[in-house]
Amino acid sequence: MTVQEPTGVPDAAVLEFVDVTKRFGAQSALSGVSMRVDAGTVHALVGENGAGKSTMMRIASGATRADSGQVLVCGQAVEPNPRSARACGVRIVYQERQIAMPLTVAENVLLGQLPSSALGRVSRRQVHEEAQRRLSLLGVELDLHRPAGELTVAEMQLVELARAMSEEARLLLLDEPTASLHAHEVERLMLVVRRLAAQGMAVVWISHHLQEAFELAERATVLRDGRVVGTVQLDEVVPSTLLSMMFGESVDLRRQRVDSSVARRDVELVAEHVSVERVLDDVSLELRRGEVLALVGGVGSGTHALARVLAGAMRPGAGRVLLGPGRRPIRSRRDAARRGVGFLPGDRRHDGLLAGRSVLENLMLAQVAIGKGVIVSNRRLRNRAAEVVRSTSVKMGADSDGIETLSGGNQQKVMLGRWLGVGSSVLIFDEPTVGIDLASRFELYQQISELAERGVAIAVVSEDYEEISLIGDRVLVMRRGRIAAELGADEAEPAHVRELTLAGA
Amino acid sequence: MSTAERDAGAMDVTSQAPAGAVTRSRRLPKEVVRIFLPLVLAIVAIGAYTSSRDSSFVSGSNIQGILSESSTLGILALGQTLLLIAGELDLSVGSAVSLSGVLAAKLLLPPSVPTWAIVLAVIAIGAAVGLFWGLLVTYVRVPAFILTLGGLSLLSSAALVIANSTPIPINSSFNVLAVDSWFGVRTPTVIFALLALLCWLGLRYTRYGRHVFAVGANEQAAYLSGVPTRSVKLAVFVLNGALVAPAALILMARLGAGDPQMGSGLELQAVAAAVLGGATLLGGKGSIVGTVLAVVLLGVISSALIFLNISGTWQGAVYGAVLVIAVTLSALSDRQGSERLWQSLRRGLASLLHRPANLSGAGTAFHRGGSSSAGDSSSAGDSSSAGDSSSAGDSSSPGGDSGRGGGTA
Ligand SMILES: Nc1ncnc2c1ncn2[C@@H]1O[C@H](COP(=O)(O)OP(=O)(O)O)[C@@H](O)[C@H]1O
Ligand SMILES: [Mg+2]
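Line order of the protein sequences matches chains H and S.
Under numbering that gives the first Met the number 0, the residue at position 33 of the first sequence is numbered 32, and the numbers go up by one with no gaps.
Under numbering that gives the first Met the number 0, the residue at position 181 of the second sequence is numbered 180, and the numbers go up by one with no gaps.
Honestly, I wouldn't trust all of these hints.
To be verified - Every beta carbon over 12 angstroms from chain S, so not counted as near; a handful from chain H, in silico: (1) D66; (2) G74; (3) R96; (4) Q97; (5) R264; (6) L450; (7) E485; (8) A502.
As the list claims (entries may be wrong) - Taking CB as the label site, the calculated pair distances span: (9) P101(H) / L280(S): 16 to 26 angstroms; (10) E276(H) / Y138(S): 46 to 56 angstroms; (11) L196(S) / R481(H): 52 to 62 angstroms; (12) Q94(H) / T327(S): 31 to 41 angstroms; (13) S331(H) / L134(S): 41 to 51 angstroms; (14) L501(H) / S230(S): 39 to 49 angstroms; (15) L148(S) / R330(H): 29 to 39 angstroms; (16) E498(H) / R140(S): 35 to 45 angstroms; (17) P81(H) / S263(S): 54 to 64 angstroms; (18) G149(S) / G372(H): 37 to 47 angstroms; (19) S179(H) / S263(S): 41 to 51 angstroms; (20) S165(H) / L348(S): 48 to 58 angstroms; (21) S230(S) / R481(H): 31 to 41 angstroms.
No wet-lab data here; the hints were simulated from the structure.
Glycine is no exception: its CB is placed at the ideal position from the N, C-alpha and C atoms.
Produce the entire structure from the sequences given, and follow the hints as far as they go.
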């Protein structure tokens with residue numbers, strides 16, 4: 000790793016932090032932080048949750064005042080006031096969406112800056128022209144008349160970006176912009192950001208996906224516990240270097256792969272010529288005990304549908320799914336669950352969690368669903384839950400607390416625990432790490448590896464090429480409902496997988 | 000210090016559970032403070048006020064009267080509670096009561112059918128109607144609200160047609176439901192109490208009861224976890240339909256006739272009682288104890304109106320006002336800010352009722368090596384849970400095993 004001294008032309012610095020300190024009460028959020036972002040570059044800011052990234056951004060945008068040190072935008076000290084920072088050309092897109100749902104796209108683009116006549120009348124035509132102009136600065140097309148409530152998260156983000164656009168914009172701060180986006184939406188966002196940087200804008204990009212930093216940014220600053228660990232030139236380091244800097248210890252990402260003996264292990268789940276109209280086209284595969292099979296594909300590839308078919312939650316139009324040594328067909332989702340197929344859906348909130356219910360109920364849902372006997376013993380459920388919590392290291396308060404009190408990472412552990420509690424022998428993960436912080440992500444990878452070692456058959460659907468190359472023993476690349484390629488672990492480099500995935504698109 | 004600890008500290012959380020540890024809440028369960036207590040207080044307040052004006056309000060016979068007259072509504076409210084927990088509802092039960100009453104009265108006309116056969120027939124009709132709604136809701140995915148609104152019209156017309164728009168007087172076969180009592184408690188009250196007990200036990204202790212809650216809380220999640228969601232919903236509709244039978248027979252016996260309009264409006268009162276008792280139209284919530292208390296409250300109110308010489312025409316207005324106030328208060332209390340207030344209230348009450356539980360047997364921490372132990376930041380509860388998470392092992396409070404958010408039966 001090289002710690003980069005500010006070497007560029009001095010007047011190219013758009014944002015400079017010099018020895019900035021910030022405390023919240025007794026607690027120090029930033030201590031002596033220095034960073035420099037140059038015009039025309041994308042600068043990645045990485046660090047675990049709570050490292051202080053958002054705090055830095057809020058200080059740069061004038062929303063929060065630093066206790067000491069200097070924050071300069073284009074050589075001028077930032078006043079602790081969002082309006083004057085804005086006047087200096089600072090634009091921020093916060094971690095949380097700032098969209099007025101009932102308003103139209105156009106009105107949202109100009110939220111807070113609506114052009115109005117002397118009498119305060121808002122001219123609809125003017126609003127549309129200005130909104131259109133800003134969207135075209137981004138190079139995106141959106142229907143200006145649509146209510147913003149109908150937009151996808153990715154589109155909302157573009158609206159917020161458009162809001163940040165104007166001639167004077169010189170510095171764009173993006174706080175975890177990709178946290179809730181799908182891979183193809185991330186690609187589009189990165190394209191826009193690249194274009195902005197090429198036009199001379201300075202961009203700060205915060206993300207838990209190191210892969211994005213490597214694809215997009217020239218430099219990265221690593222924060223840990225409110226201190227800068229270092230700033231590195233990204234073409235000179237590898238991801239694990241960054242991770243070691245973030246966590247302060249060396250990190251070995253690659254999972255210990257079970258050697259080729261996997262090929263001799265028992266087949267647990269078989270898909271035979273499975274087709275679903277317009278989604279899957281004659282897919283056959285085998286899932287063995289002790290292996291992690293990664294299914295990768297972009298939009299329309301059918302990976303999500305395949306996950307559901309394998310789990311018994313979607314009935315294929317043709318073909319069948321066979322389970323266990325006896326190779327008996329799966330008849331329904333309930334049948335599959337009873338016979339040991341656990342399914343962790345991608346949209347946890349919508350398809351996975353019992354909203355408003357306790358951690359205990361969420362953890363024990365599968366147990367309650369498929370357990371035997373009419374009477375349910377609370378005591379037994381509790382004890383079982385405690386065992387599962389220990390083995391998945393869920394971080395939680397009382398088991399009667401609402402599931403909403405847990406973070407995304409811990410909610411995912413609860414989802415996993417749900418199936419570990421009933422001893423599932425097949426686990427199907429759909430996008431397991433979307434919306435999960437980095438530390439929990441690696442913890443989950445480790446758990447997946449351990450489960451595979453214990454002989455569980457695991458299938459993971461993911462659009463995250465890095466993730467796939469980290470955990471997959473075998474990778475199936477899907478395009479348009481068909482299996483387009485099969486890769487072994489050693490061939491599954493992220494760039495290669497990406498190339499194959501996008502090849503047909 | 001791990002990031003998680005720092006983050007949590009910033010959120011003013013004084014307690015920290017290590018990863019992999021479970022603790023038990025020593026607060027009273029939410030629904031006790033939020034729902035049961037206000038209902039009991041309202042009952043006591045109205046009772047106290049009315050009896051201060053006329054002391055015979057709290058006489059044994061008046062209390063008997065209130066309870067037995069509430070039985071019909073109560074039984075319907077039980078069914079509605081089950082449905083609401085499962086995320087459905089049935090607005091046709093009022094008309095179904097009328098129809099069942101009329102049919103039973105018809106069957107009692109000479110040549111009379113034996114009583115037991117009438118009871119079975121009425122149960123079968125109710126269950127069949129419920130099954131029909133259930134099939135349409137689960138397989139055709141018709142929204143229950145609109146569907147059963149249509150059912151309300153259909154069944155009430157059917158009752159009018161069959162009865163020729165006039166009440167059909169009955170003989171004394173069903174007097175047991177009107178005048179008899181068991182160990183000093185009137186039969187309708189006994190039936191209501193038994194059915195309530197069955198529902199309570201079923202929801203709380205059977206696998207099927209848990210399925211009902213799961214389906215209501217998140218049908219997709221329940222389905223993907225292996226809950227047979229369709230049959231759960233179907234069964235709830237059938238149960239609700241079957242519960243119409245005792246409600247209708249009790250009402251018919253009390254009126255002494257099968258009146259084609261005797262059930263009108265009961266469906267709304269039943270939904271109101273279930274909602275007062277803690278159910279929501281969103282599903283996944285509701286409580287038999289709450290519903291029973293709400294039914295008693297409504298019964299006390301209507302009796303108090305009579306004692307206070309307030310015209311019966313005001314009854315609807317009073318019921319409506321109670322419901323509006325209750326749901327408004329509960330919506331307000333669900334707002335973020337009031338969460339702490341509620342929790343400290345629950346804790347305060349719990350400590351009044353119970354000496355602190357022993358602190359032995361703290362949850363076992365699960366220590367993980369390596370980089371991955373630093374974890375999520377938002378896992379903590381709030382400041383008022385301080386005492387809770389540091390203690391594990393068995394707590395002696397009733398919260399000990401019923402503290403599963405608003406969902407106990
Ligand atoms: N408004 C605030 N009040 C108190 N503490 C805060 C506040 N904002 C952030 N913190 C604390 O400052 C630290 C850094 O937080 P943050 O900048 O949000 O981290 P990151 O964005 O890197 O996850 C955390 O420990 C957090 O708890
Ligand atoms: Mg942040």
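Do the hints match the structure? See the list:
Distance check for D66(H) against chain S: the nearest CB is about 15 angstroms away, which clears 12 angstroms, and the non-interface claim stands. With a cut of 12 angstroms on Cβ distances, G74(H) stays outside the contact zone with chain S, its closest approach being about 33 angstroms. Distance to chain S confirms R96(H) as a non-interface residue, since its nearest Cβ pair spans about 17 angstroms, more than 12 angstroms. The claim that Q97(H) lies off the interface holds: its Cβ sits roughly 19 angstroms from the closest Cβ of chain S, which is beyond the 12 angstroms cut-off.
Consistency note on R264(H): stated as away from chain S, and its beta-carbon is indeed over 12 angstroms from all of that chain's, at 26 angstroms minimum. Look at L450(H): its CB is around 15 angstroms from the nearest CB on chain S, clear of 12 angstroms, so calling it non-interface holds up. Look at E485(H): its CB is around 28 angstroms from the nearest CB on chain S, clear of 12 angstroms, so calling it non-interface holds up. Every CB of chain S lies more than 12 angstroms from the CB of A502(H), the least distance being 32 angstroms, so the non-interface label holds.
At roughly 23 angstroms, the beta carbons of P101(H) and L280(S) sit within the given window of 16 to 26 angstroms. At about 21 angstroms, the CB distance of E276(H) to Y138(S) disagrees with the hint of 46 to 56 angstroms. Against the hinted window of 52 to 62 angstroms, the Cβ-Cβ separation of L196(S) and R481(H) comes to about 58 angstroms, which satisfies the hint. One distance hint, 31 to 41 angstroms for the beta-carbon pair Q94(H) and T327(S), holds here, with the actual separation near 33 angstroms.
Roughly 18 angstroms separates the CB atoms of S331(H) and L134(S), a value that falls outside the hinted 41 to 51 angstroms. In this structure the supplied range 39 to 49 angstroms holds for L501(H) paired with S230(S), their Cβ-Cβ distance being about 44 angstroms. A C-beta distance of roughly 36 angstroms is found between L148(S) and R330(H), which places it inside the suggested range of 29 to 39 angstroms. Here the CB-CB span from E498(H) to R140(S) is close to 43 angstroms, well matched to the stated 35 to 45 angstroms.
The hint said 54 to 64 angstroms for the Cβ distance between P81(H) and S263(S), and at roughly 60 angstroms that hint holds. Restraint check, G149(S) to G372(H): a C-beta distance of roughly 39 angstroms satisfies the suggested window 37 to 47 angstroms. Taking 41 to 51 angstroms as the suggested C-beta distance range, the pair S179(H) and S263(S) conforms, at roughly 50 angstroms. S165(H) and L348(S) have their C-beta atoms about 56 angstroms apart, which keeps the hinted 48 to 58 angstroms range intact.
Here the CB-CB span from S230(S) to R481(H) is close to 36 angstroms, well matched to the stated 31 to 41 angstroms.
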